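The sequence shown maps to residues 1 to 1104 in the UniProt record's numbering.
You may find that some hints are simply not true.
Taking lysine-lysine and the DSSO-like style, the derived pairs with C-alpha atoms no more than 27 Å apart in a straight line are [to be verified]:
#: 1; residue 1: K630; residue 2: K104
#: 2; residue 1: K844; residue 2: K598
#: 3; residue 1: K778; residue 2: K814
#: 4; residue 1: K984; residue 2: K965
#: 5; residue 1: K236; residue 2: K257
#: 6; residue 1: K394; residue 2: K236
#: 7; residue 1: K813; residue 2: K778
#: 8; residue 1: K917; residue 2: K985
#: 9; residue 1: K852; residue 2: K647
#: 10; residue 1: K379; residue 2: K346
#: 11; residue 1: K716; residue 2: K813
#: 12; residue 1: K20; residue 2: K60
#: 13; residue 1: K20; residue 2: K40
The set of hints was computed from the structure by calculation and includes no laboratory data. Every value quoted in this text rests on a predicted model; they were computed, and no experiment measured them.
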Amino acid sequence: MDSGCSRHMTGDLSQLVNVKEFNGGYVSFAGGEFGRITLKGTVQNGVLSFENVNYVPELKHNLLSISQICDRGNSVHFTKKGCHVLKPGIVIPEDWFLMTAERKGNAYVIDMNKKPCEEITCLFSKISEHDGLLWHRRLGHVNMKNLNRLAKGQLVRDLPIKDFMLVEKCVACAKGKAHRKPHKSKPVPSTKAVLELLHMDLFGPVNVLSIGKKAYCLVIVDDYSRYTWVYFLSHKNETAALVKQFITLAENQASTKVKVIRSDNGTEFKNVTLDTFCSEKGIDRQFSAPRTPQQNGVAERRNRTLIEAARTMLADSKLPSFFWAEAVSTACYIQNHALVNKRHMKTPYEILEGHKPSVSHFRIFGCPCVLLLMDSNGKFEVKGDECYFVGYAKGSAYRVYNKVTRKVVESCNIEWLEENATDARVGPDWLYDYSALFKSFNILSSDVSVAGESVPKQPLSFEDTEDEVQMDEIVKHHTVDPPGMVFTQHPTPTPVVNQSPEGASTSDSAMFPDPIPEDCTVTSPVIHTTSAPDEGECSNTTTEEETVPDLAIPTSVQRNHPIENVIGPVNAGILTRSQSGTINTCLYSSYLSQIEPKTIDIALQEPGWVDAMHEELNQFEKLGVWKLVKLPAGKRKLGTRWVFRNKQDSAGVIVRNKARLVVQGFRQIEGLDYDEVYAPVARLEAIRIFLAYASYMGFTVYQMDVKTAFLYGDVKEEIFVEQPPGFVHPDHPDYAYKLDKALYGLHQAPRAWYATLTEHLLAHGYTRGTIDQTLFIKRVGNDQILVQIYVDDIIFGSTSEDLCKEFEKVMKKKFEMSALGEMTLFLGLQVKQSSQGILIHQGKYVDDVLAKFKFTDAKPAETPMAERPLLTEDEEGESVNQRQYRSMIGSLMYLTASRPDIMFAVCNCARYQANPKTSHLIAVKRIFRYLKGRPRFGLWYPRDSNFDLFAFSDSNFGGTDSDRKSTSAGCQFLGDRLISWQCKKQQTVAISTAEAEYVAASASCSQVVWMQHQLQDYGLTYLNTTIYCDNDAAIQIVRNPVFHSKTKHIDIKVHFIRDCFDRGLITLEQIDTDANAADLFTKPVSSSKFRVLVDFLKMIRFTD
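Could you build all of it, start to finish, from the sequences and the hints given here?
Shown next as structure tokens:
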């Protein structure tokens, strides 16, 4: 009798009666063997009868299934001596049960994760409570688990072999071994919208009063977006009023309600005022347990981040420590714009405001600048004062500290001197003791000496001594609105006067010629928002004068949390600064998610990449890509690996982490694992024709991306792949996945995807292009929609917006789409669409290649190639690094997709990749220097131009010095829109200029005929297309049907142009050499002619 056997089985056919044929599938045995159920019958012995017994020829035993016996109403009882089948109806009391194995299917399974009965005594008898406690104390209060190992393993002598267990916990152990409970991070986010949960914390008092006489800082963090606001306070008792005002304003601005506030148990948060307010608003309050700051870890961590950033910025700027509030406020503003929320892969600003932030207005904190004086009267008076940048103001201005007036003012009329070194580090050393700045303090009566200076042990204030004129008599206190939202103003207290010893002033520097005043008192609570300076007229702003009452800061109790309570190691970092390049020291941790891992082990340590891998595997399950099966005998499985990439937008900003599982398709065998693999893809010329037609018709081009496109293609062959690295099934590690859909890396994956997409579009009324199989068209009345496919990237446009919306619905009906919107980046080409036309460029790629090969500071060149000397093999020249040379050529070849101005220079240098010399490298570097001078250059497709097709053809007879072969060149236009261009060395040596021009014209003709056929799919027919050539002899050879004797040696395929001329497809016309646009692709020209030819190609400069 077998409790693991699902059904009765036998391998002895003689035991069965009433045998019937039965196909019951396969049965697995121990050792990896299996058998097949072929018959079914009954086993009888005259007393007992067992029905539905399966016959398995390969089985060597007779097995009775416990589950099948229990299905008949009987119970089974196993003992040490045997197994007993009980009559139906017999019930065993539940208090007899030691453990229970639940039935799942036809088997009984014990869940080892569930806690068994407390009274369990499995194989050993339980020791008495008195003896157990006695041995526990004898052995130094050893834990019970170790005590049981000693007993059951008989690792010591004279210890009773019993089951040790203490019913009551040892009190001494509870006192001596107690430790803190762990605080694990939440695996699932607890909020789904902004302002659902706010984290709050207060740090301070700070050792030095701020320039606004503030000693505390209130930090508020939104849990969903991680957006942060900071307030500066003189006393803790201001917290309740600030929180109430903030919540009222935030709810009004965000049009939503605050639901939960989480903070510590400080009296600034736990008071009647806030309790009443939250009760009226319906806001839930959550408080961390005493001495458990980990429960308010979000706010505590942000406190630390802000303080570290502010300390770093102060140290870098060399400003006095009383600017700490300005530094914290600026750090908060920057982090709201720059830190990345890993959950959303967006900045807090973008999550809250709905659009990406701009950082073009960012300046170095503390950098010198000059403030324009708006009230300057005298002709010979200075027009500006020297200042230091200390933060960002609300709206369109900056906050600067005026060294002359000793005031903080707001203005956008600033002349920046970021490159100049600051001279602010003057005065006593304690002004620049940043390490102790944010440590809390208590007021003491005695002073201590630090570095030769007498430093008071009380809040440091900067007031005049009794021997000097009071600053209030000279400059009255003014209020300057801090950056952010401004609430109702509170009176700002005057801090305790700091009496320097012997009546000395606190500073005698040029920066602070008089004792430093507090004349820039910030009377409003500061809350930092995302307002950024923008263009427009601004003036220096100050608020009305206000009398400030005297109010000393009382003695405060130490409330800084111990360093051991800070979540995570304080000084630990994932990357060192040398590893992270030029990332700012105080913000470098925010960029860690932008690093692509090289191995799966590294990726599994980063939650962002783990989520990306889960997203990929969830897509597999959603689309039914594969099934986990046991690998059949004789079959082999293909390997898999993860590929990690950061997705960027047109500006190069990383917008998402993408993990893709690919198959090692190079292990596939043709004929066995795949047959046909060809799938059409769009040519770059076809993309430019599409954009040219869109500019001519005046409609907008949109783009979309099919997520995991290849997973939609069906696989006809039987293919098995390994389980994904890092995601192996724990119960079946040797199993493999059988593919039902195509995976990336398979040879047949592109073809399968193309077939699926084509079938879907044809079923919805789209027609496929005759020449371009990647172009799909649908016409409804006078309107039409065009769809161009490049693997999983799709661009489309229509003369009717309704057709575009219909196409979007058609695609989303079957496929999961992403990146839907106006076309901006496609196949590396950046596209700008406007009402005047379409611009195609690769501006970002130019910046990347210049930075890659270190040409960002190179001297610009006027042309990509010098007229003299011409490039030769230069066999006697010095060889250069071939790998670097080829890398430079490859980068430039990709750039020629939108930069025809460098086409000839790149092609000419590419001829010497086999053995590059120093002269060749100099020529390549000149191309980069030319790009340095014209990085923002692209093709312009105007909307107001016609759509006539014409072309230019030219050649450089014997232009190659080594083999005297000529160079063919050509370019084709649709109106004023350059579509394609060619530059290629001819295969044979031409014996005359006429022959060289004839071969070049034939090559240009073939491109024109292809474009004519391509445009037929757009509903446009072109005949007698003009090809301009500057050689009359070549034109006569085409027009004259007589077989000239001088053309007998020309390859017969070149005479293709004659046939096209006879059929009326093309016509040739002569043009002056100086007006031939194709001349740019045949030889280097002078700078003046180069500019003329580039203008003829309709290439324009642009700005970002």
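Compare the distance between the alpha carbons of K716 and K813 with 27 Å, and conclude whether the hinted pair is satisfied.
-> Given pair K716, K813 holds - Cα atoms ~24 Å apart, limit 27 Å.
Verify the proposed pairing of K379 with K346, using a straight-line Cα cut of 27 Å.
-> violated, 51 Å
Has the given pair, K852 with K647, been kept, meaning a C-alpha gap of at most 27 Å?
-> It holds: about 19 Å lies between the C-alpha atoms, which stays within 27 Å.
Below or equal to 27 Å on CA atoms is what counts here, so check K394 against K236.
-> Answer holds: K394 to K236 is near 26 Å, not above 27 Å.
Take the C-alpha atoms of K630 and K104, compute the straight-line distance between them, and say whether it is at most 27 Å.
-> Measuring from Cα to Cα gives roughly 22 Å; hence the hint holds.
Pair hint K20 and K60, alpha-carbon separation not exceeding 27 Å = With Cα atoms ~20 Å apart, K20 and K60 stay inside 27 Å; holds.
If you draw a straight line from the CA of K844 to the CA of K598, is it 27 Å or shorter?
-> holds, 25 Å
Pairwise hint evaluation, K257 against K236, where the allowed Cα distance is 27 Å at most = Answer holds: K236 to K257 is near 25 Å, not above 27 Å.
27 Å limit on alpha-carbon distance, applied to hinted pair K984 and K965 = Holds, at about 10 Å.
Does K985 lie within 27 Å of K917 when you go C-alpha to C-alpha?
-> Holds: K917 and K985 sit about 20 Å apart, inside 27 Å.
For the pair we were handed, K813 and K778, check the Cα-Cα distance against 27 Å.
-> Measuring from Cα to Cα gives roughly 18 Å; hence the hint holds.
K778 and K814: Cα distance at most 27 Å?
-> holds, 18 Å
Going through the hint list in order, the structure does not satisfy hint 10, though it satisfies all others.
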